[in-house]
Amino acid sequence: MPTILAAAAVLMLAVLPVAAPWLQFVLTLAIAKGFAALGVAVLLRAGLISIGHAMFFAASAYGVAFLARAGVNDLGLLLILSVLAGALVGAVAGSFLVRYRAIFFAMLNLAVSMVFYALCAKLYGITGGTDGMPVPVPTVFGVVLGEPAFKSVLFYLSLGLMVFVGVAVQRYLNSPLGHALSAVHTNEIRLEYLGIPVWAVLLIAYVISAALAGLGGAIAGFAIGRVVPDFAFWTASGHLVLIAVLGGIGGVPGAFIGALFLELLHSAAVTVTDSWNLIVGMTLIIVIMFMPQGVYGLFARKEASSL
Amino acid sequence: MTRPILEAKGLHVAFNGVKAADDVCIAIHDGEFLAIIGPNGSGKTTLLNICTGYIRPRSGSVLLDGHDITRLSPRAIARRGVARAFQIPQLFSAQRVIDNMMLALAATDGLWSAVRPLETAARRDEAMALLELVGLAGDADRISSTLPEGHRKLLDIAVALALKPRLLLLDEPTSGVSAIERFPLMEALMSALRQRRITALFVEHDMDVVARYASRVLVWNAGNIMAEGRPDEVFSNAQVRQRVVGVA
Ligand SMILES: Nc1ncnc2c1ncn2[C@@H]1O[C@H](COP(=O)(O)OP(=O)(O)OP(=O)(O)O)[C@@H](O)[C@H]1O
Ligand SMILES: [Mg+2]
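Chains as they are written, first to last, in this note's numbering: chain A, 291 to 597; chain B, 970 to 1217.
Hints listed in this document are in silico derivations from the structure and should not be mistaken for laboratory results. Mixed in with the good hints, there may be bad ones.
Said to hold, decoys possible - Label-pair distances were calculated between CB atoms; the ranges are:
{"#": "1", "chain 1": "A", "residue 1": "394", "chain 2": "B", "residue 2": "1085", "range": "32 to 38 Å"}
{"#": "2", "chain 1": "B", "residue 1": "1025", "chain 2": "A", "residue 2": "557", "range": "55 to 61 Å"}
{"#": "3", "chain 1": "A", "residue 1": "394", "chain 2": "B", "residue 2": "1101", "range": "50 to 56 Å"}
{"#": "4", "chain 1": "B", "residue 1": "1153", "chain 2": "A", "residue 2": "528", "range": "53 to 59 Å"}
{"#": "5", "chain 1": "B", "residue 1": "1093", "chain 2": "A", "residue 2": "528", "range": "38 to 44 Å"}
{"#": "6", "chain 1": "B", "residue 1": "1191", "chain 2": "A", "residue 2": "401", "range": "46 to 52 Å"}
Using N, Cα and C, we set each Cβ at its ideal position, and we do this for glycine too.
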């Protein structure tokens, strides 16, 4: 039953831009942020809140821009290499961050991401400073596409990746490593006494979450056609945490539902009012107070009771 | 006698000047079921903490099969075949009972799989067999925080057994377990230990349990061993009767 529901939702997303072409950009961006929020949600399993994941989002987006500047122009290659770059930055940062917990973890992630942001903004000669760097339209399997055609390819590729990567992450969370990750939240002492290296469990999760954020950033870079330091700004990180909480930490679909919900709300809100933050704030208060399982909880309740 | 599995020599530990271990020497041999009894706060849990690397003694050493493990982490010691059940159960309380068991089983054989599920038919069967042993089979799918205290204790012991240890350290296995469940638990535990050739050390307050099951008894008092021997020898010692059995 949940599978049919998910398939119907994906199908609906696939046809929406045909009916309303302006939605294609909004949906692509929503899926991109969904990937990054999923990365944040993975760490939430262990009770760790990262307020710095926009750094990996930006790292991969810059990765695409640098690779394109260096002459790589195949979409598949750019995506793979830039996600690897994000994962690598995640491995480096994670190797010292996973020793911390609670507020220290949250703040250190924030601090590291702010350093990254500052570097992107100040190293004008390399990164173009606050002007950022262009992300040109790449070729797809050697085929040179016009921009509108590429944006469509990007959207459907993102949709496919959402399903594929979503299933993979779900499998990871159901695996022994995924269970060990949740166990970090409940009892680290028992984990130690089971002979399980907590730091390794966390580092793997951290690299996966950085790669997810990176994938989102690469897609966003392609969709927008430019990467700027603001990709890494702390408000962007906060936004990702907001989406992860909004979607609920219950499951993988939550992150995407949360992102779609927020992006659609955003595009609806900006047409009627300029109090966007007011609307987001109110929505979040309502969700936290009345739906602690997040928006996803509305859909997941039946599924859980049928277990 | 053969070389002991576990040996502690000259352990000293003090907390704020209070001696929890004062020149302690113990040895536990293959196949033993060694009981430690003693008044509250005499340092029994502290001894288990030292033997599993959770705290470092100020001086002295702990040997496992003759190798020094004093400075190893609990994780490294666990991987050498020493499992522990805690005085206060240490569980993954948000997870189901069966998941607690399966994660312990996975810890020894397949932790590093990120694509295969934790729950496989074989692993579930193995977990169920152990839950059956401690009498928790009916609670397998409950969230472990919803178990009554006594059953949390049982689960904690089952988790330790799931690690297939050579040496099992049990901190008051029957405390919190109801009087009716106590002896069935001990019977099940003893048969499991014999079957799996597990050597065990257990801290215990119930003297009936000690008298019936221990192969040897250490009497602990104020961070030291005040008497040692077979249960009947120890219980006939007047000093022990007065200091320990009376208050326990
Ligand atoms: N981490 C610690 N920090 C400070 N004092 C401690 C610590 N651990 C134990 N103690 C003290 O050391 C002494 C021995 O404690 P321990 O828990 O080992 O006793 P026990 O014999 O297990 O008692 P019980 O029968 O109540 O379980 C007690 O006085 C206790 O307060
Ligand atoms: Mg104790």
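Status of the hints after comparison with the structure:
1. A:394 to B:1085: 32 to 38 Å: Once the Cβ atoms are compared, 34 Å apart, the range 32 to 38 Å for residue 1085 of chain B and residue 394 of chain A holds.
2. B:1025 to A:557: 55 to 61 Å: Hint holds: Cβ distance 59 Å, inside 55 to 61 Å.
3. A:394 to B:1101: 50 to 56 Å: violated, 43 Å
4. B:1153 to A:528: 53 to 59 Å: holds, 55 Å
5. B:1093 to A:528: 38 to 44 Å: Holds: the Cβ-Cβ distance is about 41 Å, inside 38 to 44 Å.
6. B:1191 to A:401: 46 to 52 Å: holds, 48 Å
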